[in-house]
Amino acid sequence: MEPPAEMIHWLFAMLLLVLGLCLLSEAIVGREVWQARPWRKYLWPGLAFGMGIVMWPVMTFFTNSAIHMYAHGSWAEVLMLAGGAELGLVRGRLKSRWWRLTMPLAFVVTGTAFIVHEQNAWYFARSAFLHHLLGWTFLVAAVIPLGMTFRPRSMTLQSAFALTFVVLAAMLFCDRDLAPVFGHLSPLAGVPHR
Amino acid sequence: MRRVLFVTALAALVVPGSAWAHATLRSTTPPFGHELQLTPHRVAFHFDQIVKVLPGGIEVLNDKGVNFAGTATVNGQNMSAPVKKLPAGAYTVRWRAISADSHVVSGVWTFGVRVPAPAVNDAYGAGGPTAQEDVVRWVWFLSIALAIGTLAFRLICLRGVAVPQALDRKLAVTAGAGVVVALQAGIAAFSLRAEDALQLPFGRFLYGDLSPMAATRFGYAFVVMTLGYAVVLALIYLAWLVDRQTFLYPALVLALVLVSGFSLSGHDAVDQGSSWLSELADWVHIGAASLWIGGLVAMVGVAWRGAPQLRGIAFRRFSELATVSIVLVLAAGIYLSFVRLPHFHDLWTVGYGQVLLVKIGLVCAALAWGGVHKFFVARVLERGASEGVMARVGRSLAGEMLVGVAVLLVAAILVDSRPPAQPAKTPAAAALGR
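Chains as they are written, first to last, in the working numbering: chain A, -17 to 176; chain B, 1352 to 1785.
Hint data in this document are derived by calculation from the structure and do not stem from the laboratory.
Idealized CB from N, CA, C, for every residue including glycine.
Treat the hints with care, as some may be off.
Some chain A residues close to chain B (C-beta under 10 Å, calculated; not the full set) [what the hints assert, rightly or not]:
no.	residue
1	G34
2	M37
3	F43
4	T45
5	I49
6	A58
7	G70
8	H99
9	T131
Take a look, some chain A residues computed to stay more than 10 Å from chain B by CB distance [claimed, not checked]:
no.	residue
10	A9
11	R13
12	A18
13	P20
14	M41
15	P86
16	I97
17	G129
18	P134
19	S141
Starting from the given sequences, assemble the full structure and let the hints guide the process.
Here it is as structure tokens:
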């Protein structure tokens, strides 16, 4: 039996939150202190790579529409790519800083997939509203990892990058189909789930 | 204690309650793919959110396209339509509705009245495999062969050899690229199969319900192969990241086991005369062909130029691997030809046989070419060869490789073709068979 779809949103929200908190900790205490224990440097890139692997079952088990399948598939691929590139960089197997461009690429692909797979503009339905908000947040926030490609030691960019994941996690935790937004729910949106 | 608290906090974050998200068809009456003894009074759908009905939103079609459904009505999350009395036969249900999020969602499924329900890809209106599907399946075969062959080449042909780091990296990239392309080709093949069953324009297909297709043998194979090859990709990446070839062994075994998805979802699973033995033979056939052709691509495309000092040992060891693979390919292929073609003349009188004949011709050409390499070129290399000879051997191996790639193209067409029907057993023969 497949789990309710919202559980999957929350699973990924939790993983994004942990990822964001790891990055925030690193930004606060500094890279040297954070990497005092060697395994910590693999923590968030490994988490991103693992999220990519976990996204594949989501793609294959949620085939209620083709566009959802494609969106989940694209997220699985860019998460594995960006996480894998970061793992290669911290391990020293990849040398070029241009590999860091995989992260802004992942943000752009993810944001586009969020917006495209939620085509309706029913902002009174929380899911539609949040899908658009998530999509545009990813697209706009892509400039942060892009900036980090050129200024990887910038404290401001590191903090902004970490907080982006925390904010995205909060949005994903709020995501549900027919809950009201700003206290208003159109009767067209059907019956609230609770 | 701190670890327990950490895990508990994570679990609490994941499970704050439960709710549903995207509009989904939850159940139907009659269920997908059932054989009924009586005509159903209504065809009914239950969704997880409110839907609106569209004119002609439900059709119940027989094999001639006659619609037996009345006007569709909706009541909250339920949509249904009355059905006229149905004669015995196979039926296709096509439906569409507006979901609460404004999307037009559509789907198709099948049932039978006093006959088994047809597979959803044999629904009324479905056109069957196209040239597009053949090409996608070819790319799927080719990419999986590339992944399997490259892994086998690294683990078997270069075992115990000091492999330069650059070559190791190229082999990892080649195997990884094979898996990545295989994942895309799998998604494309599943989409094309679903598109054919749904018979929708692309814009509406994007909101089409693919779950009946996912519940077919092809769908199960797609799910298992996609998940399995994602793990294979992760293992190949980890092997490269931590520089440990140990991870490649489970990757190769898993990749070879997953090839059985083609056998379990193809003709061997459903056609008359099929058995567990024919499915096993098909798996051996595809797996051994992948080792042979994919290994050849890895040797010619990556190792021949990437590590000239390893050409001799790579050639000799690959020659042994290819011999074993070819024996398996031939043994399984000959057995399958006898199973699928009831008469010898089917080879030139039936479409399936004609495609098989082309494949046999190409395999013979590849075998002859491979034989020249094994029995003549190997001796030349043992005596030591100049750079010019080596370059010519490389080009010759590339030629054999291209024939192998062509064999896979014909195999892809063959998989999408239907073998001729098996002759009905006479009562006497049936008794003997028992």
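Please flag the earlier hints that this structure goes against, numbers listed from lowest up. 9 and 14
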